[in-house]
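Colleague: So the sequence lines, in the order shown, correspond to chains A and B.
Quick note on the working numbering: the first sequence kicks off at 2 and runs consecutively.
Quick note on the working numbering: the second sequence kicks off at 2 and runs consecutively.
Rather than coming from a laboratory, the hints here were simulated on the basis of the structure.
This structure is a prediction, so every number in the text was calculated from the model and none was measured.
One or more hints might be untrue.
[To be verified] Ranges between beta-carbon positions, derived for each pair:
hint	chain 1	residue 1	chain 2	residue 2	range
1	A	R94	B	G127	50 to 58 angstroms
2	A	S177	B	A35	30 to 38 angstroms
3	B	R100	A	R182	16 to 24 angstroms
For every residue, glycine included, the Cβ atom is placed at its ideal position computed from N, Cα and C.
2 protein chains.
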Amino acid sequence: MSNPNAAMLVIGDEILSGRTRDANMHHLAARLTAHGITLAEARVVGDDKAAIVAAVRALSDEYDHLFTSGGIGPTHDDITADCVAEAMGATIRIRDDARSILEAHYQRAGTELNEARLRMARVPEGAVLIDNPISAAPGFTIGNVHVMAGVPAIFEAMVASVLPTLTGGAPLLSQSLRIERGEGDIAGPLGDLAERYGDLSFGSYPFQKDGIFGAQVVVRGTDARRIDAAMVELTKLLPE
Amino acid sequence: MSNPNAAMLVIGDEILSGRTRDANMHHLAARLTAHGITLAEARVVGDDKAAIVAAVRALSDEYDHLFTSGGIGPTHDDITADCVAEAMGATIRIRDDARSILEAHYQRAGTELNEARLRMARVPEGAVLIDNPISAAPGFTIGNVHVMAGVPAIFEAMVASVLPTLTGGAPLLSQSLRIERGEGDIAGPLGDLAERYGDLSFGSYPFQKDGIFGAQVVVRGTDARRIDAAMVELTKLLPE
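Isolated chain A (complex conformation):
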């Protein structure tokens, strides 16, 4: 499979302290999979300059795309834009195009565009703005890094803006089979099947609910007929 790959970087102390449960990773994962881009890694770091810069450098080097979430608001702990600029070797300042968007938005709302809010117009030189239909303050793409807001509704709107501009591969298809017995019952033959269908990926995800132990076996790939064939064989493996 030669689909483009991607990483995600979630930025924010609130996730690591357990105060907030991240929702954006799950959303992005599903959208990328449908678009034919493989999410290969995700990281969460706090509002710490050195940690953000190092993660942006490492992940933008290693993967075709990097998507970030969080840290682009008006407060002192919103340092993502500056960190991304530093990681990508770009200068950053208040840009006229971003300022105009904020001016129009706050004028309509009758709210003052103060110094703090103007920070949201700080965008690296050479970056392309990402539309924010909800609260105006834009995200941006610089190189292969797509910088988006952390508030889920805004993050999702920005993903919807960016994704159509990216070349995806064949969407990853999957079928699954629920077994209501321990994984150990089919693990041996499942491993053999996975070896014979090397072009597909086989996952087994155990669950335990209401006293029932079982597993969801998922077959993934880009060729629907191969997946069908594997599912037929998989069904035969189930113990009577």
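Take the given structure of chain A and dock chain B to it, following the hints.
Modeller: The following block gives chain B in isolation, referenced to the frame of chain A:
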């Protein structure tokens, strides 16, 4: 603050494909914060040997503790134990202590301890077993790496077993203030306040719900009286 720090590594294709939403990171984050251990970074990688080994090496080197979740079941895609052994330079084989636990469990259940299930007794030399009160198959600690199951109920039980054995620091305390105006209204003075209270950390987490824009401002630290003092000043910053 000199609390010990930690990283988490979530292992599993199902998280990165968007099929499953990870629940363990949020649980561990809250438990560590209460125990006085700072969760400084989290990563998610797929069921890929090179990726797991590299992440275990990097994170166990950089942090006081590394907690992993997922990939210790009986199927072919459960490769965490072998990867951790390789990363830590330990040999791995079916160990008698782990085998005895599985034998007793499956005998009680009237289930065959077949070759696949025996894989769950593969534990690195020198590792200490972590009790699994739910489905028997143990986790383990080797060096500063704590290897636990991905099924949330089992993960949580293992965290409850391991955490009391680790030395924590002062629990991180927090107070928060909900403002129902844009962050931009208080961002300037909030930044000044954060500078003056350098021993505390100030976070501002915007929300947007039912048409209301606002933010939760959270003050964190280990000294309750300092947090109280900061909250008094914070309240005064609120615009009339």
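Colleague: Enumerate the violated hints, using their earlier numbering and listing them in ascending order.
Modeller: Structure breaks no hint.
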